[in-house]
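Same order as they appear, the protein sequences are chains A, B and C. Residue numbering for the first sequence is 1 to 235, as defined by this note's numbering. Residue numbering for the second sequence is 1 to 221, as defined by this note's numbering. Residue numbering for the third sequence is 1 to 236, as defined by this note's numbering.
Think of the hints as simulated: they come from the structure by calculation, not from any bench. One or more hints might be untrue.
Below, computed lysine to any residue pairings styled on SDA-like, alpha-carbon distance capped at 20 Å [claimed, not checked]:
#1 B:Lys15 to C:Lys213
#2 B:Lys21 to B:Ser3
#3 B:Lys125 to B:Leu213
#4 C:Lys150 to C:Ser134
#5 A:Lys141 to B:Leu213
#6 C:Lys204 to A:Glu232
#7 B:Lys191 to A:Glu232
#8 A:Lys75 to C:Tyr194
#9 B:Lys21 to C:Ala132
#10 C:Lys109 to B:Leu85
#11 C:Lys213 to C:Ile174
#12 C:Lys150 to C:Tyr194
#13 A:Lys141 to C:Arg58
#14 B:Lys15 to B:Ala91
#15 C:Lys119 to C:Gly181
Examples of chain B residues lying across from chain A (beta carbon under 10 Å, computed) [stated by the list, open to error]:
#16 Ser7
#17 Leu14
#18 Asn157
#19 Ile160
#20 Ile168
#21 Leu172
#22 Cys201
#23 Leu203
Some chain C residues judged to face chain A by a derived CB distance under 7 Å, without partners named [said to hold, decoys possible]:
#24 Phe14
#25 Asp15
#26 Arg58
#27 Glu97
All C-beta atoms, glycine included, are put in the ideal place defined by N, C-alpha and C.
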Amino acid sequence: MKQPSLGFDGFLMVVLIALMQVALIWALVVAPADATQGDVQRIFYFHLGSIWPGFVAFFYVLYGSIRYLMSRDAKWDRRSYASGQVGLAFCTIVLVTGPIWAKPTWGVWWAWDARLTSTLLMWLIFLGYIMLRDYIDDQAKRERLSAVLGIIGASMVPFVYFSTRWFEVQHPKPVVMGDADSGIKDPNMIWALMLALAAFTVLYVVLWRRGTELAEADADLSDLRLRLSALEDEA
Amino acid sequence: MNSNLISLLLAKDLKRELRSKEIFLSSFLFSLIILCIFYFAATSSNVDFAKLPNTALWICIAFSGTIGLHRTHQAELVNGCYKALMLAPRAAGNLYLAKYVANFSLLGLMSLLLLPLISLFFNLKFDTQIAMAVPGLLLGVSGFVAIGTLTVVITANTRISDILFPVIHLPLVVPVLIAAVNCTQIAFQGKFSWTGIQILCILNLVFLSLGYLLYEFLLEE
Amino acid sequence: MPLQVSLDHIDKVFDETWALKQVSSQFNMSERITIVGHNGAGKSTILSIVATIMNPTRGSVSFSNQEGVVSDRIEIRRRMSFLSHAAMMYPDLTALENLQFFAGLYDVKGVDYQAQLEKVGMRHAENILFRACSRGMQQRLSFVRALLAKPQLLLLDEPFSGLDHKGIQRLKSILIDDYEGGWLLVTHDMSQGYELADRFWIFKRGRLAQDLKKSDVSFKQYVSLCETNLPDEVLL
Chain A
1 MKQPSLGFDG FLMVVLIALM QVALIWALVV APADATQGDV QRIFYFHLGS IWPGFVAFFY
61 VLYGSIRYLM SRDAKWDRRS YASGQVGLAF CTIVLVTGPI WAKPTWGVWW AWDARLTSTL
121 LMWLIFLGYI MLRDYIDDQA KRERLSAVLG IIGASMVPFV YFSTRWFEVQ HPKPVVMGDA
181 DSGIKDPNMI WALMLALAAF TVLYVVLWRR GTELAEADAD LSDLRLRLSA LEDEA
Chain B
1 MNSNLISLLL AKDLKRELRS KEIFLSSFLF SLIILCIFYF AATSSNVDFA KLPNTALWIC
61 IAFSGTIGLH RTHQAELVNG CYKALMLAPR AAGNLYLAKY VANFSLLGLM SLLLLPLISL
121 FFNLKFDTQI AMAVPGLLLG VSGFVAIGTL TVVITANTRI SDILFPVIHL PLVVPVLIAA
181 VNCTQIAFQG KFSWTGIQIL CILNLVFLSL GYLLYEFLLE E
Chain C
1 MPLQVSLDHI DKVFDETWAL KQVSSQFNMS ERITIVGHNG AGKSTILSIV ATIMNPTRGS
61 VSFSNQEGVV SDRIEIRRRM SFLSHAAMMY PDLTALENLQ FFAGLYDVKG VDYQAQLEKV
121 GMRHAENILF RACSRGMQQR LSFVRALLAK PQLLLLDEPF SGLDHKGIQR LKSILIDDYE
181 GGWLLVTHDM SQGYELADRF WIFKRGRLAQ DLKKSDVSFK QYVSLCETNL PDEVLL
């Protein structure tokens, strides 16, 4: 049984907690309120902060899945899976904070804004990636097929991203109220955004490491069960 | 050797389809009833039905295409025929291309059969509006099939392939649908969208390369 | 030249159950081996692994000739045919069309389909849809299909299931008289297994419990070995 490396994880945890506090203070206190949108604009720091690790997570799924298919080493499957789960969680944050911001700003919860639409599609793609596993019984098959789907899904992300924007350019919507990007001008606003990005990135790393650890423990457990059944068989 | 494999699988699938008429029945007649429902739903909410040929066309293709692809692969699984393809002494990439061509021919044909219906129901001119929509339509269906040929095999290994296939497949083909929907809409207005066609060609190229490289991993038990 | 096949410490695990445990053996593709074992003893799994369509969890299978290891899967697969209780034939194609399709898939040219069908007594049935064939006819067609590519190694997974006595005799005589290569035959019928083999593998709970040459054991010894390794229900 290997001991999880508490040293590095402990360090990450300290960094994460510190960064989160600072990011919160900057976003809620130090950064000025937006001139036209008011305080509601502050949710933007967390909205943008979580989409970035979402992308990172999905590109890790692409990387891990390729590594899995090349090596057939289950550890790459576990890492990709953990990354996919965390990415899905971040996408969910984006999908929840987006409408909360859109309602007072645009007057509607959902305006088919390209950013949110592409996030919704990404969310669906990776929900499929996570769901697929639950319905395949054999482990080797599950790993192999998930890796193939992970590669297809993650390769689609840039296309989803650009095609929704292209569509928006082809079919411009009337702007209801204000403009999304008008806000970020004050240097403290930029700081708040940077801190949020940093905090959410570290949060992704921490969660991904925890998720991987959990999957490793699960795999260790089933390996032990398997060895036990082999021993019982001998007896 | 490769073209021989393509014609082999194509001839096999076309022959099967001509005898069983599975795709025709499941996809084409299904599209017909979708169009009827679409008419009632649009008209009852005071939307001018005549303005929606493009919407109707792509809803039909997304739904019946999904059913059609799932059906062709189910037919492949009867009697363990797909296992014969796994065992065949053939390069996986070539098998993928052959399977793609066979699937594309069936669904492409099905989507072309929809055009007279769209022309009839929405009063579109066959020689200009409809004819101009053909390239965008076929390239769109091609992208749909290029990804579908992979996803249908992936989901066939699950316990609930019939519902998991659309749930996994459709979000992946949204980029191609966005481009194709634009293309045919512009065609129905009597113009031709070069940008749309170019985007569709690029997407098809990417999808086919992905399939060519990844199919090997779907030919295992 | 038939290839030498070596199985090296193969483990196969399906969702926390062992299908194969530390299976090691070597054989030549021209050998005729019968595999017996109770249900779930990993008999079919070993066929899939040899057929290169399934990867073992641990361990490896490798193929070699005098010049060394053959790693080209296409080259390996060309030498093998799989025949199981699933026919691998399309229900909506006729008997002849199915055979033509498989000949194409294996790139076999100049096949005399009439003669092939004649051999299994189905000359009259070439234009019948496979769907309309009886179980026995379907199995006979599968035999023709498997032998079309002139394999060096046949992978036979319960090939006689669903056949009557006469049908079994006919197919057995084809295997013995018309076919020159070797096979791995999975069967639960012990006496048939003895008759058709020159080597036996007896599997017990995923392990290769016995690996015997026919020349070394009499039928009686073989039966008693099977009895000690297999639970009662498979003894027919």
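Task: In rising order, the numbers of the hints this structure does not comply with - done: Checked against the structure, the hints that fail are numbers 1, 2, 3, 4, 7, 8, 11, 12, 14, 16, 17, 22, 26, 27, while the rest are satisfied.
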